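Student: Let the hints inform the model, and build the full structure from the sequences given.
Line by line, the protein sequences are chains A and B. Here the first sequence stands for residues 1 to 256, where the numbers follow our numbering. Here the second sequence stands for residues 257 to 892, where the numbers follow our numbering.
There may be inaccurate statements among the hints.
Stated by the list, open to error - Derived PhoX-like pairs (lysine-lysine); straight-line CA-CA distance at most 20 Å: (1) K436/B / K126/A; (2) K627/B / K151/A; (3) K797/B / K744/B; (4) K797/B / K50/A; (5) K797/B / K509/B.
Treat the hints as calculated values from the structure; they're not laboratory data. Just so we're clear, the structure is a prediction, and the values are computed from it rather than from any experiment.
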Amino acid sequence: MNNENLNLALHIWRQESREAKGKFEEFIVTVSPDASILEMLDEINNRLEKEGKIPIAFESDCREGICGACGFVVNGRQHGPLPKTATCQLHMRNFKDGETIYLEPMRATPFPIIKDLIVDRSAFDKIQQSGAFISFNTGSAPDANAILVPKEAADASLDAAECIGCGACVAACINASAMLFVGAKVSQFALLPQGQLEKYERVQEMVAAMDEAGFGSCTNTYACEAECPKGISVINIAMMNRDFIVSKFRSKEVES
Amino acid sequence: MIKLESKVPEGKLADKWMNYKFKMKVVNPANKRKYDIIVIGSGLAGASAAATMGELGYKVKVFTFHDSSRRAHSIAAQGGINAAKNYQNDADSVFRLFYDTIKGGDFRSREANTYRLAEVSNNIIDQCVAQGVPFAREYGGTLANRSFGGAQVSRTFYARGETGQQLLLGAYSSMNRQVKLGNVEIFPRREFLDIVLVNDHAQGVIVRNLLNGNIEKYSAQAVILATGGYSNVYFLSTNAMNSNTTAIWRAHKQGAAFANPCYTQIHPTCLPVHGEGQSKLVLMSESLRNDGRIWVSKKAGDTRSPDKITEDERDYYLERKYPAFGNLVPRDVASRNAKYVCDEGRGVGGGRAVYLDFSDAFHRIGKDGVKDKYGNLFDMYKNITGVDPYEIPMQIYPAPHYTMGGLWVDYNLMSNIPGLFVLGEANFSDHGANRLGASALMQGLSDGYFIIPYTIGNYLVTENPEKVGTDGSEFKEAERAVEDNIQKLLSLNGKQTVDEIHKRLGNILIDKVGMSRSEKGLVEAIQQIKELRNEFWKDAKLVGRADDLNLTLERAGRVADFLELGELMAVDALHRNESCGGHFREEYETPEGEAMRRDDEFAYVAAWEFEDVGKWQLNKEPLVFENVELAARSYK
Ligand SMILES: Cc1cc2nc3c(=O)[nH]c(=O)nc-3n(C[C@H](O)[C@H](O)[C@H](O)COP(=O)(O)OP(=O)(O)OC[C@H]3O[C@@H](n4cnc5c(N)ncnc54)[C@H](O)[C@@H]3O)c2cc1C
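Tutor: Okay, structure coming up:
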């Protein structure tokens, strides 16, 4: 730990409101390599506040890479250059002295900009409210070990459930598709015995909600997987597509 | 003086909750939809309460300052959740979990509440599995367990190092189902700023819309605060950046008693502080103490690298001092001992860190075995420090983590304000002076899924609160007071930023109201905090507008409340002339250097009543122990 401080030129997106026009503002900073990129912004903000200027608006909460509140684009990459790393876990030791760094919001039509680096990701909640659950009421559960779950299934479900809902997959996609996010949410339940009964209904509801929220379609570029801070796999998209197609046949059968 | 009625039911410990549920009044199913309930907070406690009350048919409104209710601080919990399932066949039972919890809390919690917590713990696991929480499994498909500090049985259920995330997503999914069914409505990006009392009953809230600054009013027949803990009073803690005390503090100023504010937990396994600009401390789950061994050099000021320090030059101080529990002693004991060895100059390189070493585990279960259990924690460590813990032992140091203190509640989880209920970390109820690992998630979900849904019904039927709407004078006055406070904050145009003042508060508290406290230090702390508070109201500098997204204003309101709470923590610590759990008073230690409880004088809950800023009245709720013997806590 603790090497020489870095001198950096930052270009940070400033935009007062959804309607306002935004632009990059330049900041010249000296920062410890042990600081995280958000701690660097904290310091800049502290300085701005001292000067009576409006600090840079950005979101963060847990700063441990799990809440999904943070996230912006660093030099063209969602959450920055490191694989499987959320913005809050990006430390300045990953940059070189003298580097120029561009910070901008995760842009996507379904995620309108609220201010500076903050975007509105509430569309994700809407998708989940449409069907990302198992329908049963508190108090009616059998003993936990009455439902045996193969270790592989539990592990695979957890792999999908690790999604932090940050939105990087959408912003990384040229079509602003939410297929990775929705795929992960669908598989998380579909992989478990508890999730079987509503499997087909769930996928239909969620895909419909996704389309309604204005997310684009998937053209298999896999930019989503590459930029996902949790490494959620595109296999989830394939599994969702399979369930979705089967669900269409099933509803036809029911109708006929 | 307020009246503190614990409402603990009569009868045998094991029958209390069952009998009480039977005697409680219940709301007829068709009537439930006539009741509006407000829940502030969507962490484990708030989300589970909202989901379950929605299922029962109540009309629930949930408010959170997050952009999505899924982001509550509970999401960051790593290690696991306890339950008395006894799936490992290691003689666990409800009574053992109860006993461990009450002993771990150093006999400063209510027997009946703690027993009920242990009793419903098993239902929580059933509930979460049915919801689809992907807990860790054995190859046969049954649930896996790990052990945690303060227990000699293996009763902790987990999902890798992401248990909080998975449990919260479970509660969130159940809540979402109720949103779809129209029983729950979620209001994100809203900050609760005050409670509204009508005829001394909690009947509404004032919130600020964080996007446009609008002050909004909502009414209900009961209000639930599930707003988490206040560790961020220390500035640096393991809590999420936005965790704060505002909700419970403002309710406290409206009359809700604040119980045991000095009971705070400093967690032993966190990453050491790296520098000035640091914004928070990162927790490494305590589950690491299962397989990692903690040591420092026997010599002070030893600057050699760890591989150069041979076995016999190392001091595995927890194993040496506490052979029965070893590295799994409760948190307060582990933290205090880390502080001591560092005070002696025996920390890593003479500084403030100790080693957490997995070499033995690598031999026993291989690096892959360790990776399977703790992979993401090891990755996180490497990412943050730039050092690979598979090669070089981790360094850790204690950090503020959890607050056992909180608003006083009775057995129904209701504060002394009728209609104001408090759940999860925000209340004081179950952990006494120290919380055991994996018990906070258990408490949050027990409060939300299995307790409040019953007790709130009893309140609604008994009191039958009116539907008041938001046009009354009480709402107008509360709204005006909130707006005035915002204007007062925004008019501050001094020289120090809010963060700078917050850091100074944190330094006073960690130094004098932290792991080790003394009369002299506490008296100084009270004076310093009063001065700092005055400074804040003269010399803080705010920027931005009231009618805009304004992060500086949000922080300023929270820091103003921390500056009042910090003083109360010191006042409480000063009055409690004993050592218990996380509250360690240097004047009260045994000749062996262990905490000296003084049960004759201090076996009570200290519930502070607000009179004015910096002025409180003490109320005591005696703690009666009928089922456990008040033993000196020993982990030797
Ligand atoms: C890093 C870490 C790891 C942990 N690991 C474990 C573990 O392994 N096992 C365990 O048992 N415990 C663990 N804990 C403790 C546990 O996570 C918490 O005690 C618990 O999650 C608290 O849940 P809660 O529902 O009470 O509050 P929180 O999850 O903190 O939720 C608070 C909610 O209230 C809202 N809120 C707060 N104030 C306001 C306001 N003024 N207006 C509007 N909304 C507001 C927030 O938006 C949020 O939704 C850990 C804690 C930390 C910090």
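Student: Run every hint past the structure and note whether it holds.
Tutor: Structure-based check of all given hints:
1. Between K436/B and K126/A, the direct Cα distance comes to roughly 9 Å. Compliance with the 20 Å bound is thereby established for this hinted pair.
2. Our distance criterion of 20 Å between C-alpha atoms is met by K627/B and K151/A, whose separation comes to about 16 Å.
3. With a C-alpha separation of about 12 Å, the suggested pair K797/B and K744/B falls inside the 20 Å cut-off, and the hint holds.
4. With a CA separation close to 7 Å, the supplied pair K797/B and K50/A stays within the 20 Å bound.
5. Our distance criterion of 20 Å between C-alpha atoms is broken by K797/B and K509/B, whose separation comes to about 25 Å.
Figure legend: structure checked against the earlier numbered hints; the only hint not met is number 5.
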